[in-house]
Amino acid sequence: MESFLKNIASTLLAAHRDNLYEFSVVLPNRRAGLFFMKELTKLVDSPTWMPRVITIEDLFYELGQQVPADKLTLIVELYQVYSQLIKDPEPLDRFYFWGEMMLKDFNDIDQFRADADKIYRRLAAFKAMEKDWSFLTAEQVELITSFWASFSHDASEHQVRFLRFWDQLHHIYDRYKARLDSVGLAYSGMIYRRVVDQLATCEKPQGRLAFVGFNAFTSCEEALVKYFVADHQALLFWDLDNYYMADQQQEAGLFFRGYLKDKVFKPTFPNPLPEGLKRQRPKLSIYATPLKINQANIVGKILEEEKVMENLEDTVVILPDENLLFPLLSHLPEQVDRVNVTMGYPIRSTPVYTFLEAILELQRFKKMEDGKLYYHHKAVVDLLGSVYMQNQPGRQCEEALSHITTANIIYVSESYLKGFDGLFAKVFEHIPGVEELFHRLGEIMKVLNAQTGDNLLESTYLLQCYKQLNRFRELIMPLGAQSLPLDFVIRLFKQVFRELKLPFEGEPLLGLQIMGVLESRNLDFKRVIICDMNEGSFPPSNSLNSLVPFALRKAFGLPVQEQNDAIYAYTFYRLLHRAREVHLIYATAGEQGRAGEKSRYIFQMLEELGLSEEEQREETVFVPVDLGENKPISIPKDEGVQKILNRYLAKGSHQDKVALSPSAINTYLDCRLRFYYKYIAEVEEEDTVSENVDPALFGNLAHAALEILYVGFMERKKRREVQAADIHGLKAYVFPSIEQAIRRHFHLEEEREIKLGGHLAIARDVLQKYLLRVLEIDERTAPFELISLEKSREYKAELEVQVDGSKERVLLGGIIDRVDLHQGGIRLIDYKSGGDRKDFANVAELFDRQSKRRNKAALQTMFYGLLYRYNFPENTYPLRPAIFDLKGMFDAKFSPYLEEREPYKQGTKVEDYADYEEEVEAGLREVLEELFDSQSPFDQTEDHGKCTWCPYKEMCGR
Amino acid sequence: MQAITPSFIVYKSSAGSGKTYTLTMEYLKLALVHPGAFRQILAVTFTNKATTEMKERILKELRRMTKSINPEEKMDAEILGFLQVDELELKKMAKSTLTSMLHDYAAFSVSTIDSFFQKVIRAFAREIDLQAKFEVEMDQEGVMNRMVDRLLEQVTADEHLHRWLVNYAVERIREGKTWDIRMAISELGRELFRESFKTHKLEIKQFLNDKENLHRLTEYISKQRKALLAQAQLIKSKANEIRVRHGLEWTDFKGGKNGFARKFDELGNNRNLLPDLTDKQKEDKDDLDFWLAKTSAKREQVQAAFEEGLGVLWNQMLTLYKPHYTVEAIRKNLYVYGVFKQLIEALDTIKEEENIMLISDANDFLKSITANNEAPFIYEKVGNRYHHYLIDEFQDTSGFQWESFRPLLVNALAQGKTNLLVGDVKQSIYRWRGGELRLLLDQVEQEVGHFGMAINQLDTNFRSLANIVNFNNALFERLSRQMAQHLEDELNSGGILEQAYEEVAQKVSPQKENLTFKGKVRLEFLENEENEESLNEMILKRLPEMVMYLQALGYRPKDIAFLVRKNAEGQKIAESLLQYGLAHPESPYSFDVLSEEALLIKQAEKVKCLVAALKYLKDANPSRQKTLWLHYAKVEGVEVSHEIFDPSPSGFVSGKPSGFEQKKGAWLKLPIMEMVNELAEWLGFHGNGRERAYLAAFKEAVMDFSSIHRADLQGFLDWWEEKQHKLTVRISEGHDAIRILTIHKSKGLQFKVVVMPFLDWKIFDASKSTVVWAPFDLPEEGINTVVPLSISSKLKESLFSPIYNEEMIMAYLDTLNMAYVAFTRAEEIFWGLSPWKDIQKNNSGTLGINLLKALCSGASKAIDLTVHYDEEQKIFDFGAWPEKREREKVDPYSPLMRWAQQSWQEKLTVKTTTLHLLDQVGEREERIRFGQQVHGILEKAKNERDVQMRLDELYFEGVLQETEKQHIASQMKELFKLKDFKQWFSGEAKILREQGILIPDGQQKRPDRVVIFKDHAEVVDFKTGAKQAWHQNQVRSYMELVGPLVGLPVKGYVCYLDPVIIEEVN
Ligand code: SF4
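Sequence lines, in order, name chains A and B.
Just so you know, we're using my numbering here: the first sequence kicks off at 1 and counts up by one.
Just so you know, we're using my numbering here: the second sequence kicks off at 10001 and counts up by one.
In short, the hints are calculated from the structure, not lab data.
Keep in mind that this is a model prediction, so the values were computed, not measured.
Treat the hints with caution; some may be incorrect.
[To be verified] Straight-line distance between alpha carbons at most 30 Å, and here's what the computed BS3-like set of lysine-lysine pairs gives:
1) 946(A) x 10663(B)
2) 378(A) x 10133(B)
3) 631(A) x 10745(B)
4) 953(A) x 10768(B)
5) 852(A) x 10837(B)
6) 467(A) x 10669(B)
7) 10745(B) x 378(A)
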């Protein structure tokens, strides 16, 4: 069947071939114009004038000699009026959306030529309206009265609020229009209405008009079209089908049925009405799929199945939801070599834009303290992660990032960030106000532009952003920019950019056509594929946001849901007019967690279109859920592994010798694979700025602070012995020691101020309590003599083991938090931030990976014993492993010493490591022999409980 | 026409009783009255899924009715009777109702409570001071985290807060907990979202607003505690004095080493003021018999010591417990309670800043709206008026929701309109989410019953076979009585258990009655001497066997569902079955399972791989690469070895890392959605078969993310971190695998076979630390507030014991309901495993024991359970297994999908510009740009006036800036001073602009302007650049075309704009 536009083209050509140039063909949108021209081109057989092709807006604006101002300008203007009339107006940013709504209402009122004064009048009693309201029908009166009747005598609080605002609206309307007039601005409804009001007197366009393919006119449009049809022989062509005209219930025919009753319009309708759908209905297929995104795969398949793609132009894919565009584009089969897309490329998801927005966010969450500026770490980290910052020379980004994450900095100082080169200064330098903000953004964009090289796409959207930015600046600045809150500017900025799209290139008439719903008007395709056949997408959900309540809208002829529905229903059925096959796809799952409801049109067709059995059957298309099996991981000790392992052996002369620490041994005992990950493969554990302080950090700080405290003591007093009486004096040094420990840990130079985030600030104070407690305990147990404290003092040892049949010496090492001589024994102290047990059943248990009660802290301190013995074989004091654990210390009965004890039995204190030495060494040897045994692989622990807190559990899938 | 019926109908719908059927029927009764009647009905469902199902069901029945009516069917019979019409008439009515529904679909209102509420709230947004456009935030956990972040950030500025939190941390350490207070704050902070808190929000806010108040409360608590401590220590020392005086050790008293007397020594410990006592020890000890062992050698001394006051001291000590536990109960949450004010403020800021409304706030807002306004006004504002409400799953409605609804409902009822509630108290398992079952139980009746209420029982079970129904009838009748009795014994109050289960008995549906297979219930009680853990192993080992047995009977994997209470149990089951399956590849049976856990998108290796890649792209940390290749290897099914972490040129990942490095820069400049797509393509994930469902779901997540949020990489990764635990793939009905799901998720579902391998749990688990809010008034101390209490067994002995008791009753009901939901999911077979315990020796604290008791002692009305319980075997077996059936064959499924990918850029380019941003400052380029604009304007403008309009247009579009606009305008003015130029724009001639000439070969020629004067025509083309030879030719060719068309002599001009030169063409 011939397409609608072709029919019109040939009709026009046949009748007006010689004066076609006199015609202005008015179509609902530009796209239809292009297709119309294409049809016309195909029809001519000798050079022929083109008619002029315009949209109805063009016509109105030409007649009115004015174009509407942009939304932002209009809303800002509206706000000026609003804030004069309303008491305590909200700030512009909060007003913005209300303003949008108000503007839309005003526009509707004008488009539908309603009487604003009457709409916005408060009607206390019906009496008042009887006289000059006689134009209303009974139904309208009913609507209005019932609305106002719902106001109780003593109005509720909400009603009062409503009325207070309501009463001002027509003043706002009047003054707003007057104001716009005076500055030569207008919104579109305003222009429309004026044009219609002055139709008889205004300057007419040259030649004749032909209105093609309209469905729903606003009152203004209707008046204008009628005027030209009646008085200026304008032509009018409808694109319709009797299928939805005849049935009064069919909303798709709503408008046509009305026009058919009109005496001017009636003669313009074809008689009889076309019965296309009755004579030849397209073949329908319906598909349901769980995920939205899979609709793209289905479309890909449908297009692929059609082996002969005779004419790509004959196929259209309709995307009610434009999010699906890119998934769809990437699944197009090879045969589809040309595509024409009416939707644009959304700028808001490009990295350039997100980068700019991140800069704004940075400015939003900043704070001043003591004349210094700080940025919230989140915004800073976001920026540092962007490609543009990472492109900066050197490893600055990494450096800054690691500074922030390791030091857990919540607020990052501006001066620190500014210190780097390149973009850093521009991005992080303080922006005091809106004016500077725009300037800075412009500067930054220029820098980015220099980076883009020959990436055309990128420089194009940069340019777009730049233009938009300038425009935005022009609008914003007159508002008294310096006084505007940055927050607001940022919000508006986002608003403005959210909508921005880059058009796609392409010959619009060639290739597969992909478009949104409304763009399909007047176009006909042989094959129609519609995605998102879901309620809420097609038709879209009720988005009629208005400050005028439903009843009043309806009563005064402003469009309500009904009209909206009718427009979409028409758009849908029109697509079926001349199609041969129609594929409808919907998703059974909506937004995350919601259910996708299939479109009403599917139900309507099932009931009314007389579908065949086959067509009624929906095809459910889903991807089978098939999680790959999680195979166990076991890493054999190949050469590469051996090489790394050998670094722990005394043999050879590698530069990178390392010693096995007690925590490495503990890790190995917990899980061999975990040992592999950490010590062989060296996969880092996740590290982010968390507002938490992890126990390891806490432990490190505690150790460092105590070291500083006691080293300072020894230096001052020039002695190693600590008496009970000394402790009191030490207390004053606790806080500075902690400060210093923190500095040292986070590599902060002396002069640089520290800015502790909330949690770290608390940690610091807790640490203080911890240290004070240690001192209390030390006071109680004094005197003692400090032997070694220094973190730098790493104790080393070697242990001989059998590896693959030969003797090898394994390097062991570790840092003992503190060694002191106390009551004739040497204490090997470990500070712990948790609550560590001190009992263990027996030495064997320390090495028993099956045991749930294996005491790691005990093993660690025993290991210290081994280290100490190795380093001081001449030592004759008993060695006492000891644990100062945070929780235990607050217990009145605190004792730091290990205890060998079976559960629920009496135990014995570990008085001297020497008593256990043999067993410990034997146990250790056994572990090490396994570790170095080339035959035993690194495999996963059987105890899944161990995986719960393992940083590698994602990798293991546990 | 209508029979007179009470206008308020309540359906109590036990499991499987055809609730949807009934709702549909009732809906249709109301809707069929006249074609537009449906517009006044609002059916409210619990979930979005239910909404869709309900709508489809109504449409389906209507469609059916247009074709055939079956008066035998209950639905049709009732509707015929109700409407008083004949079949033919009904068909017609169905038709017209269906038509009007389909064509006024927006008015077909079936919705969840939430979406209805939101609709109302949006209509009132301005009146209740919300912003015009707000997002509804579903993720309260995320908000919670941000709230705590904010709180902690304030520490640096707020000294008081700082000190308070440090004290809290230290306090926690003292109590042997981790000092990290974050978790603790979040835990209690969650209360902010709950109704139980919100009910008291005002009072609490008021109380906390005055720092003094908090101070007073803290002081009071610590004063009390000190006093108690002193008393305890006093008792301790007095007791010891007495003991020593009589030369005794505590072991000399009754019980010796295990005697209670030594408890005196545990008194007055700072961490634990009072010793923990057994129930026996808590009784008064003012009789010598308690103290004196019969065989005691120190009889006299003991007696003397007792008489000197040990008994009295003991009893004195006992009196300390109540105040002590009361103080401790408050103290436990005092620190977090103290920062509630700051938390609330932080929450408010977040809401304002992010412009969100929490989903949990909807109820609050609506409550204020409906309380504030008459129903008609609400309807006018919303634009819909409802006369009939049909509310489903009413047992899960919360108190706030009911309060919001009530005014609307009352309004409808007062007008004599029919309204309907459907629910089942027994299936109320969402108490923790605010579900208030008492509403259905009696409150609603009390509040609105006076409108005339009909309570209907739906008492036939259409879901399950006879034996299942009968078994459940007997079991739950028994169980509810037994548990109520237990509560009666414990608390002197059986609570509402029996009331809730009054009408538990169901009829077997006639269709099921006559089947040969009657259904089966089998409960095995397993015994294991060792411990719970090995018992669990035993159970897990048994599962593959059971699954095989069932499949041998002919059940498909998808017919079988494992129900569990906790996800962790489900995971174990999944593992056990999977492992068995792996170990027995030759088995003819399927061990494929679908657990909730396995549906998580993040579980898939492909997804993990992509996430690792994204992370690597973000921070270039080499460790990420290792992770990336590990997952890649797993996707590819390659054995993981060291080579992956240390790529060698010959190995499996060789080349990949360097390839990745090369692409990196380009990927990073893509929008996140495309980035993921390209990565997946590069890694070959689209071609490779497995886990594509996960891949697609991941992409969908990315798509959803970037449609709402700022779509940068870092942002996505943060978002993913937060959401990954919730995002799941969707299964469709056809998927043939054994389901594993929690009882909560199983609600509303049914399965042929239900297996519950861990049919046992603790009923009242006080360690879960549920929070309740209790008024706490001490006028003399100036304290008047509501405090949060964590439920623990100690609360029972505090002043707050009524709260404890209430909680306990509700916990019993929860368990009973969970069991009810679980047992009633089965259509044909229920198979449970539970640990065996001696019912004589064990108290009734677990479900398992209660089941055993019910089975052993339960002669009930319906069937005698004891007959089927074999005490020897410890197996309850009721009904025979079904006959073996052939398993239906299932064809392999190949979805209609295309996976291959191509970059879109190969087919499509964005309209790029050759202009560069930097060019804007270059003078030459500026002129070019201006030239282009001028050209564009001239081409379109009809006359001089038009030029201004076109300029405005460009300005409003953002193409031109104000200064540029002025500039061009003045340039234009200059142009129009030229006479030749001007007449091209004058009204005297006919002007053709943008109107070319069509040429038969499909071409179009478009001179910028054709001006037709009376005696001749002129063709004009505007040029921006420098003069070119072809310009003349071009115009000439136009002239040749125009000539014949106008039939007049034609002149041609090239008009250069910069500088302006008008050149005639000859
Ligand atoms: S997740 Fe478990 S198996 Fe994997 S490394 Fe960690 S502890 Fe070992």
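Here is what the structure says about each hint:
no.	hint	in the structure
1	946(A) x 10663(B)	38 Å, violated
2	378(A) x 10133(B)	26 Å, holds
3	631(A) x 10745(B)	29 Å, holds
4	953(A) x 10768(B)	26 Å, holds
5	852(A) x 10837(B)	26 Å, holds
6	467(A) x 10669(B)	21 Å, holds
7	10745(B) x 378(A)	36 Å, violated
Checked against the numbered hints above, the structure violates hints 1, 7; every other hint is satisfied.
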